[in-house]
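What follows is the residue order along each chain.
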Amino acid sequence: MTGRDRIIAALKRETPDRVPTMEWILHPEVMRNMNGAESDIEFAVRAGLDGIAVSIDYTKEIIDSRHYKDEWGVTRVSYDDYPNPVGNPVKTMEDFEKLVIPDPDADYRFNRIKNALEKVGDDIAVVARVKDVISQPRDLMGFEDFLMAFYLDPELIEALMKMCVEHSTKIAKNLVEIGVEAIVIGDDIANNTGLLMSPAMYLEQVYPYFKELVGNFKKLGLLVIKHSDGDLRAILPELVDSGIDCLDPIDPLGNMDMSFMKKTYGSRISLKGNVDCVETLVSKPLDQVRKETIQCILEGSIGGGHIISSSNSIHGGISPVNYQAFLDTVKEFGVYPINEKELRKVVGK
Amino acid sequence: MTDLMEISAALQKGRAKVVKELVEQAIADGMSAKEILDGGLLHGMNIVGQKFKINELYVPDVLVAARAMNAGSELLKQLLIDDGVKATGKVVLGTCKGDLHDIGKNLVKMMMEGKGLEVIDLGVDVSADKFVEAAIEQNAQIIACSALLTTTMGEMANVVKYAEEKGVRSKFTIMVGGAPVNESFKNSVGADVYAPDAASAADEAIAAIN
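Residue numbers (the numbering used here), protein chains in the order written: chain S, 1 to 349; chain Z, 1001 to 1210.
Because the hints were derived from the structure by calculation, they are not lab data.
Backbone N, C-alpha and C define an ideal beta-carbon position, used for all residues, glycine too.
Keep in mind that the hints are not guaranteed to be accurate.
[Stated by the list, open to error] Restricting the straight-line Cα-Cα distance to at most 30 Å, the calculated cross-link-like pairs of lysine-lysine (DSS-like) are:
hint, chain 1, residue 1, chain 2, residue 2
1, Z, Lys-1186, S, Lys-91
2, S, Lys-69, S, Lys-173
3, Z, Lys-1017, S, Lys-284
4, S, Lys-284, Z, Lys-1186
5, S, Lys-219, S, Lys-91
6, S, Lys-98, S, Lys-60
7, S, Lys-91, Z, Lys-1161
[Claimed, not checked] Computed footprint of chain Z on chain S; a stretch qualifies when at least three of its residues, placed anywhere within it, have a C-beta under 8 Å from a C-beta of chain Z:
hint, region
8, 128-139
9, 167-173
[As the list claims (entries may be wrong)] A short, non-exhaustive set of chain S residues, derived as facing chain Z with CB atoms under 7 Å:
hint, residue
10, Trp-72
11, Gly-73
12, Val-77
13, Asn-84
14, Gly-194
15, Ser-198
16, Ile-338
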């Protein structure tokens, strides 16, 4: 089986030959230190990852060494790993009406994805990053104004959500045409203590658009992974009902529990996650990394339908040695059929 | 006579315009600025904080409530100075060097102001020396550091270290918070208080000052 086959099988809740593994973000420094790779593709091939995540191309207008304006007109500061929006072009309905929405059919839009498919698409799953309905409006308006607008300007929220459904559906159509099989929609909707808004507000003002968009993706034949940090427990039934194929990352910081998720929703969706990337992959001793990885296999992988990964990303603080120990453990103990008894012995349970 | 409970209730619902009108009315009725602040605005914001803590209210609710509070407190600012009313305590607050993510920090500010604390917002990307120097200059009791990223939370250790080097460590309560921060991280960097959410941060700040 190729990595691509393993990821696709896991997303369809089937059982591959080994538990597949992939990450959304791989920090350049960690990749370089582990195997000298200069790109995600190179790293994935060398480290034996089963999939990579690739973004859609949007142009950047450089302002100075730290600031740039993206194709949506959002000014971002690129200082850390997560370029932060600081200049937000939409504050009112009037602004929105004037907004020039990037052309989903632009010829350069899928360069990176085409390149990845061409280079490694037969062997490694190329998962395209697509936005759902939260992150683009949030960045267009600014986080606080966006959240306040749910009360103060619900019509603007509605208009922005509709625009997202339309834009991302067009993007998805093009992705299918170039041969993409799976996408990740990564808009965060929660923090460690719960949703960013009340569950009632989410279900009334966001969920209908989210569900419509997921429905559009499914009609196109795509496999859909929903990612969100944080505690999603208040809306799990609705998230599963939306038609997603997989939920990620089952965030331990947000009290999300892999074994509960597997038992409760494992017959309806596959799961991706969730070896802790705040302490375990950063600074814990290697035998602990091994134990927690095996524990994750025990909780998530039995019966298939699991992509094992960090609980968020391979960020700059991750220890290359610990991440290597994680990968080695997955390859040693993640082979199907999982030898549950042996694994339990290793973790002492 | 204006009913201060009405101010509190309107604030909790995020009705900025109503809060402003009621505060204007209360001033016209001859109520003292301190009375209006404590009995109306801070009373309402305190309830918002408590409900936020137990997930009865969420971030959008806090944001609109804080906006309503500002609409009222703007009217009281000068009056409080004229009456010689002092804030409960003073906090310098910012996100750690390298970290530009400020919604968590801003929520902490709103909650702390909702407890009657004066908050000196140092903004984002604040270095360890800037935190400590600002606290000395402002004569603050609390230094509060926020980080969203595992790569930037290390700066919190430098804040503690810099305060020690300057010989002022015992003068300040150093608080830490943010998504990747927890109690054991707080202990490892030698900070004093970890708060898991914005409302708890405000409660902890009050407890530290008292």
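So, going through the hints one by one against the coordinates:
1. Z:Lys-1186 x S:Lys-91: violated, 38 Å
2. S:Lys-69 x S:Lys-173: holds, 26 Å
3. Z:Lys-1017 x S:Lys-284: Violated, at about 53 Å.
4. S:Lys-284 x Z:Lys-1186: holds, 17 Å
5. S:Lys-219 x S:Lys-91: violated, 34 Å
6. S:Lys-98 x S:Lys-60: Status holds; Cα separation ~20 Å.
7. S:Lys-91 x Z:Lys-1161: Cα-Cα ~42 Å, so violated.
8. 128-139: violated (count 0)
9. 167-173: violated (count 0)
10. Trp-72: This hint is violated: Trp-72 of chain S lies away from chain Z, its Cβ roughly 18 Å from the closest one there, beyond 7 Å.
11. Gly-73: Violated: closest Cβ of chain Z sits about 19 Å from Gly-73 of chain S, beyond 7 Å.
12. Val-77: With Cβ-Cβ at 6 Å, under 7 Å, it holds.
13. Asn-84: holds, 4 Å
14. Gly-194: Given a least distance of 5 Å, the restraint on Gly-194 of chain S holds.
15. Ser-198: holds, 5 Å
16. Ile-338: With a closest approach of 31 Å, the Ile-338 of chain S hint is violated.
The structure fails hints 1, 3, 5, 7, 8, 9, 10, 11, 16 (numbered hints given earlier, in ascending order).
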